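Chains as they are written, first to last, in the working numbering: chain G, 10 to 304; chain P, 10 to 304; chain Y, 10 to 304; chain L, 10 to 304.
Don't read these hints as lab results, they were simulated from the structure.
All figures in this text were calculated on a predicted structure; none of them were measured in a lab.
Heads up, a few of these hints could be off.
Note that identical chains are pooled: a pair holds if it fits in a single copy or bridges any two copies.
[To be verified] Cross-link-like lysine-lysine pairs, in silico, DSSO-like; alpha carbons within 27 angstroms at most:
id	residue 1	residue 2
1	Lys262	Lys128
2	Lys262	Lys65
3	Lys268	Lys128
4	Lys304	Lys234
5	Lys36	Lys234
6	Lys210	Lys125
7	Lys262	Lys125
8	Lys36	Lys268
9	Lys125	Lys86
10	Lys268	Lys304
11	Lys304	Lys262
Number of protein chains: 4
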Amino acid sequence: MIKNGDVQNQRAEQRFKLTRVGVTGVKKPVVVERPWGRVTLNATIDVYVDLPSDQKGSHMSRNVEVTGEVVDRSVRKPVRGLEELTSEMCEILLERHEYASYSEVDISADYFLERKSPKGRPSLENYRIMGKTECYKNGDKRRYIGVEVVGMNACPCAMESVKNVYRKINPQLEDILETLPVITHNQRNRSTLMMEVPLEKKVELNDMIDIVESSLSSPTHEILKRDDEAQVVIRSHENPKFVEDVVRDILSKVLQRYKDFPDSTRVEVKSESEESIHKHNALAERITTFGELRK
Amino acid sequence: MIKNGDVQNQRAEQRFKLTRVGVTGVKKPVVVERPWGRVTLNATIDVYVDLPSDQKGSHMSRNVEVTGEVVDRSVRKPVRGLEELTSEMCEILLERHEYASYSEVDISADYFLERKSPKGRPSLENYRIMGKTECYKNGDKRRYIGVEVVGMNACPCAMESVKNVYRKINPQLEDILETLPVITHNQRNRSTLMMEVPLEKKVELNDMIDIVESSLSSPTHEILKRDDEAQVVIRSHENPKFVEDVVRDILSKVLQRYKDFPDSTRVEVKSESEESIHKHNALAERITTFGELRK
Amino acid sequence: MIKNGDVQNQRAEQRFKLTRVGVTGVKKPVVVERPWGRVTLNATIDVYVDLPSDQKGSHMSRNVEVTGEVVDRSVRKPVRGLEELTSEMCEILLERHEYASYSEVDISADYFLERKSPKGRPSLENYRIMGKTECYKNGDKRRYIGVEVVGMNACPCAMESVKNVYRKINPQLEDILETLPVITHNQRNRSTLMMEVPLEKKVELNDMIDIVESSLSSPTHEILKRDDEAQVVIRSHENPKFVEDVVRDILSKVLQRYKDFPDSTRVEVKSESEESIHKHNALAERITTFGELRK
Amino acid sequence: MIKNGDVQNQRAEQRFKLTRVGVTGVKKPVVVERPWGRVTLNATIDVYVDLPSDQKGSHMSRNVEVTGEVVDRSVRKPVRGLEELTSEMCEILLERHEYASYSEVDISADYFLERKSPKGRPSLENYRIMGKTECYKNGDKRRYIGVEVVGMNACPCAMESVKNVYRKINPQLEDILETLPVITHNQRNRSTLMMEVPLEKKVELNDMIDIVESSLSSPTHEILKRDDEAQVVIRSHENPKFVEDVVRDILSKVLQRYKDFPDSTRVEVKSESEESIHKHNALAERITTFGELRK
Numbered sequence: 010m011i012k013n014g015d016v017q018n019q020r021a022e023q024r025f026k027l028t029r030v031g032v033t034g035v036k037k038p039v040v041v042e043r044p045w046g047r048v049t050l051n052a053t054i055d056v057y058v059d060l061p062s063d064q065k066g067s068h069m070s071r072n073v074e075v076t077g078e079v080v081d082r083s084v085r086k087p088v089r090g091l092e093e094l095t096s097e098m099c100e101i102l103l104e105r106h107e108y109a110s111y112s113e114v115d116i117s118a119d120y121f122l123e124r125k126s127p128k129g130r131p132s133l134e135n136y137r138i139m140g141k142t143e144c145y146k147n148g149d150k151r152r153y154i155g156v157e158v159v160g161m162n163a164c165p166c167a168m169e170s171v172k173n174v175y176r177k178i179n180p181q182l183e184d185i186l187e188t189l190p191v192i193t194h195n196q197r198n199r200s201t202l203m204m205e206v207p208l209e210k211k212v213e214l215n216d217m218i219d220i221v222e223s224s225l226s227s228p229t230h231e232i233l234k235r236d237d238e239a240q241v242v243i244r245s246h247e248n249p250k251f252v253e254d255v256v257r258d259i260l261s262k263v264l265q266r267y268k269d270f271p272d273s274t275r276v277e278v279k280s281e282s283e284e285s286i287h288k289h290n291a292l293a294e295r296i297t298t299f300g301e302l303r304k
Numbered sequence: 010m011i012k013n014g015d016v017q018n019q020r021a022e023q024r025f026k027l028t029r030v031g032v033t034g035v036k037k038p039v040v041v042e043r044p045w046g047r048v049t050l051n052a053t054i055d056v057y058v059d060l061p062s063d064q065k066g067s068h069m070s071r072n073v074e075v076t077g078e079v080v081d082r083s084v085r086k087p088v089r090g091l092e093e094l095t096s097e098m099c100e101i102l103l104e105r106h107e108y109a110s111y112s113e114v115d116i117s118a119d120y121f122l123e124r125k126s127p128k129g130r131p132s133l134e135n136y137r138i139m140g141k142t143e144c145y146k147n148g149d150k151r152r153y154i155g156v157e158v159v160g161m162n163a164c165p166c167a168m169e170s171v172k173n174v175y176r177k178i179n180p181q182l183e184d185i186l187e188t189l190p191v192i193t194h195n196q197r198n199r200s201t202l203m204m205e206v207p208l209e210k211k212v213e214l215n216d217m218i219d220i221v222e223s224s225l226s227s228p229t230h231e232i233l234k235r236d237d238e239a240q241v242v243i244r245s246h247e248n249p250k251f252v253e254d255v256v257r258d259i260l261s262k263v264l265q266r267y268k269d270f271p272d273s274t275r276v277e278v279k280s281e282s283e284e285s286i287h288k289h290n291a292l293a294e295r296i297t298t299f300g301e302l303r304k
Numbered sequence: 010m011i012k013n014g015d016v017q018n019q020r021a022e023q024r025f026k027l028t029r030v031g032v033t034g035v036k037k038p039v040v041v042e043r044p045w046g047r048v049t050l051n052a053t054i055d056v057y058v059d060l061p062s063d064q065k066g067s068h069m070s071r072n073v074e075v076t077g078e079v080v081d082r083s084v085r086k087p088v089r090g091l092e093e094l095t096s097e098m099c100e101i102l103l104e105r106h107e108y109a110s111y112s113e114v115d116i117s118a119d120y121f122l123e124r125k126s127p128k129g130r131p132s133l134e135n136y137r138i139m140g141k142t143e144c145y146k147n148g149d150k151r152r153y154i155g156v157e158v159v160g161m162n163a164c165p166c167a168m169e170s171v172k173n174v175y176r177k178i179n180p181q182l183e184d185i186l187e188t189l190p191v192i193t194h195n196q197r198n199r200s201t202l203m204m205e206v207p208l209e210k211k212v213e214l215n216d217m218i219d220i221v222e223s224s225l226s227s228p229t230h231e232i233l234k235r236d237d238e239a240q241v242v243i244r245s246h247e248n249p250k251f252v253e254d255v256v257r258d259i260l261s262k263v264l265q266r267y268k269d270f271p272d273s274t275r276v277e278v279k280s281e282s283e284e285s286i287h288k289h290n291a292l293a294e295r296i297t298t299f300g301e302l303r304k
Numbered sequence: 010m011i012k013n014g015d016v017q018n019q020r021a022e023q024r025f026k027l028t029r030v031g032v033t034g035v036k037k038p039v040v041v042e043r044p045w046g047r048v049t050l051n052a053t054i055d056v057y058v059d060l061p062s063d064q065k066g067s068h069m070s071r072n073v074e075v076t077g078e079v080v081d082r083s084v085r086k087p088v089r090g091l092e093e094l095t096s097e098m099c100e101i102l103l104e105r106h107e108y109a110s111y112s113e114v115d116i117s118a119d120y121f122l123e124r125k126s127p128k129g130r131p132s133l134e135n136y137r138i139m140g141k142t143e144c145y146k147n148g149d150k151r152r153y154i155g156v157e158v159v160g161m162n163a164c165p166c167a168m169e170s171v172k173n174v175y176r177k178i179n180p181q182l183e184d185i186l187e188t189l190p191v192i193t194h195n196q197r198n199r200s201t202l203m204m205e206v207p208l209e210k211k212v213e214l215n216d217m218i219d220i221v222e223s224s225l226s227s228p229t230h231e232i233l234k235r236d237d238e239a240q241v242v243i244r245s246h247e248n249p250k251f252v253e254d255v256v257r258d259i260l261s262k263v264l265q266r267y268k269d270f271p272d273s274t275r276v277e278v279k280s281e282s283e284e285s286i287h288k289h290n291a292l293a294e295r296i297t298t299f300g301e302l303r304k
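With the sequences and hints as input, model every part of the structure.
Structure representation (structure tokens):
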């Protein structure tokens, strides 16, 4: 007979350790402190610990209890950032799962910022924010935060190809081709920046969103009247970009903005364009450390 | 004690009839005869019948059995169209579920057609095809087939707004604005045409794909070398379209192509653009009959 | 030259009216008044009007403007329900689109309610809430609200089949089979109730969630310690249900709870089980009016 | 003026190398040779190379051309496995992108195998198969293949907790509790095995599917008549498993089946249960090498 029904604490038959055991897709409202007041995020959270080779199961209800406790506390005392929230959860997880040597929490949520259109019309734009902490019993800890931004990019290659077609048809167009942006395909682009936050440092999500959004051909806006729409189209065509350019510009701005971060700081940047001329997407990605980028 | 465990045949406690009861998301390889040979579709199928108020449950395994039988037969004797397949299934469903007065089968699958790029390069393009039959015990039957096409559309309004900006900056540009297409936002567009196939008529899916694809600013292509890419960009900008235009052009071509179809023929057309300048989509839709359109 | 770049106001070439034209997937934080305080919903909103046959395009930026205005006002003066919000938006849409004779707004959002486990442990459970209004220029208006609840259902048929197997193996088990619930397959179930709110009536979303959740074999809970988990398992097996039963029980409770609603009131109920013994789902559905149900 | 419009070959302004640049979501029918004949897979393919720091863009149309060529050849001469297909593509990619030092191809597709229910009824069951190759200019190459299996698992912990409840209610039940499986929650489970195929070795996908499917509480079946359904329920309850057990059993069988594979062979196993008693999922995972598992 199993004592107290604790099947999890039995010895495992197949004695392999497990990298991650936990719950995924837990939904919770989280209250965070923002420069302009308190905001409630509708977060989706994954919570894991590792499992040693000799224990049959992980006590998964503890993962959800820890989530509930930390999130409930956020209502009374809002957290300052997702890295604070995930970091606190990871530490408590290691206490509650006495057999674990590793804990991990992943979180993501919709997020809104007020933006202005080219002609100054305000609107609330939607972003996705992410946080992640990995924590080891030996005290090592890695905290990450990230943002996903939907924007617009216009292809520089097709623009050049169209110019070449025009030149062949009518060489006298050369002057006009130098002054006016030429037609090309443009499309919805989804770019993400995920970076480590060194323990003694702070990173503001709004800054990260600025970095990504300013690296696209143009931001997108919810409300565009005719004069605004023209400006967004002109701006994006004066600023054509490959997904490769987007990733490199983000990397460059990150290095510039976080100059004092150590070489070990990890960073992942991805830009994916939902190509208007193809049924498939175009993607560029860099996964690396600040040290590698500084070489 | 329930005889043979037939809980379904028990009397229902709450005596309401049910509109549809069945299985969803059944995956099956279906062999269909195409002009160029046999093709295997990886289909996703939903199968329903109605349920009278006095019966507790529907015998759902019969739905999957009928699916299996008809699909297996397709391997030996390929079906000629999705409407043939769903129609046959609906009739057998009414026989097997002796208590049912209505049966319905929905099917969808990826589909491929060879297309040529503007410069003549061939590639296999991906589409989605759909079929649906609704069958009544009194003999009434409605069969539908449909297609979903991913293509490109370029906005005519932003093009006009950009022209107006250019005119203000430099009125001498007027000549050039009349000859060269002007920049605008363009994007991935997803358009669907679903229409009834009157019992004595035939509709070829490839024709429906042609109708939808030719109603967009431009088709999209998997492989575009530089000269091709320029042509697709120019073609789409010489042919700017609202989602409203796309839906109306499809409706017009459908009426033209299927002149002899009765007024009662139902048709649904939808066009959705994944706007490059917004984070949201633009959608236009018409749900109607041929008779309404002919007025 | 097009005046003010108003391409939308041009005459359409293909003169078909359109059923719905608008924007989909607009994301907005909406503040609603709840019995226990103000809550911020992260809503996804679709906004449409119809388009007459002689007008080329709909002014879609007006849809997003109306959304922004009404939602912004909700921050200062929280709305009392989703039907109030969508209803107000629909009316303004008809004013702003002077050519439209129909407007429609669809909204959905995650929603949280505190629930207690069988042993009394509190947790915040996640639901999905929906709202929809259809508004006609002639004054007709239909408002709907809805809820989606994830719960558990246990199959009564497999339970009976297992009993029959046991009886054959050992007829002396009959006594025990009468007292203890027998094993069966159980699974995650997703049930929705969408109903019309007659103009002079009120419907509370929390009541609708109660109706759906109490019609399943058991609610599900985020945190279940061992004693709780046993109770949820026992409760669901003492209360085995087909998806057909779930739909009928919801219909019955709706009729009971909203006795004074007119016969014309529309209602849609759907229950889908993600079957543990199959790779496909089982679904039951009823789309009808209160009048039909009362017959 | 850019020569031939080759914007990609320009020098990059921001001189960072990129880890992966390419196309995602290319859909293609691929013909593969199976023990029982030729099968057409509807594959989704991602194709990448890296990009040196001094080159502005990657020539993405080459990725799609290589895909087309290799897949077209599969129609005339079917490939024997996904690892053969992705491996060949990776090699050609490095030739075509003369600047690349790394290439990667990811592929996945629906797949069907005939299975028998407990009572011997045949049905075609649906699986997901995956392939991946990573190829370096220095000749290093890593090939992976994988499978995703949907099955059923029953929770051993809740079963024990229910037994304890029964014992307290009636100690005389002890005998019956030893002989009959007790009720518990069970649910749809999605488990994946992805493993490296050492260059001189072969791995058969069907074997991998067998390994995963036999590690669950029970396989699932499309068609189950009453006697079959009872057997599936009994079998799963006689074989209750945590997701942790599923992962470990797969690892154990993999080591046993591929005894002669080198210690460096990589393997990833994941099992996710769509919990019937919760709104969230339970997940266990191990990412490791054969060498680590053999310790």
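Structure-based check of all given hints:
no.: 1; hint: Lys262 to Lys128; verdict: within (26 angstroms within a copy, 40 angstroms between copies)
no.: 2; hint: Lys262 to Lys65; verdict: between (47 angstroms within a copy, 17 angstroms between copies)
no.: 3; hint: Lys268 to Lys128; verdict: neither (34 angstroms within a copy, 49 angstroms between copies)
no.: 4; hint: Lys304 to Lys234; verdict: neither (46 angstroms within a copy, 35 angstroms between copies)
no.: 5; hint: Lys36 to Lys234; verdict: between (37 angstroms within a copy, 19 angstroms between copies)
no.: 6; hint: Lys210 to Lys125; verdict: neither (30 angstroms within a copy, 40 angstroms between copies)
no.: 7; hint: Lys262 to Lys125; verdict: within (22 angstroms within a copy, 42 angstroms between copies)
no.: 8; hint: Lys36 to Lys268; verdict: neither (36 angstroms within a copy, 35 angstroms between copies)
no.: 9; hint: Lys125 to Lys86; verdict: between (31 angstroms within a copy, 24 angstroms between copies)
no.: 10; hint: Lys268 to Lys304; verdict: within (14 angstroms within a copy, 43 angstroms between copies)
no.: 11; hint: Lys304 to Lys262; verdict: within (16 angstroms within a copy, 45 angstroms between copies)
In the structure shown, a violation is registered for the earlier hints numbered 3, 4, 6, 8, in ascending order.
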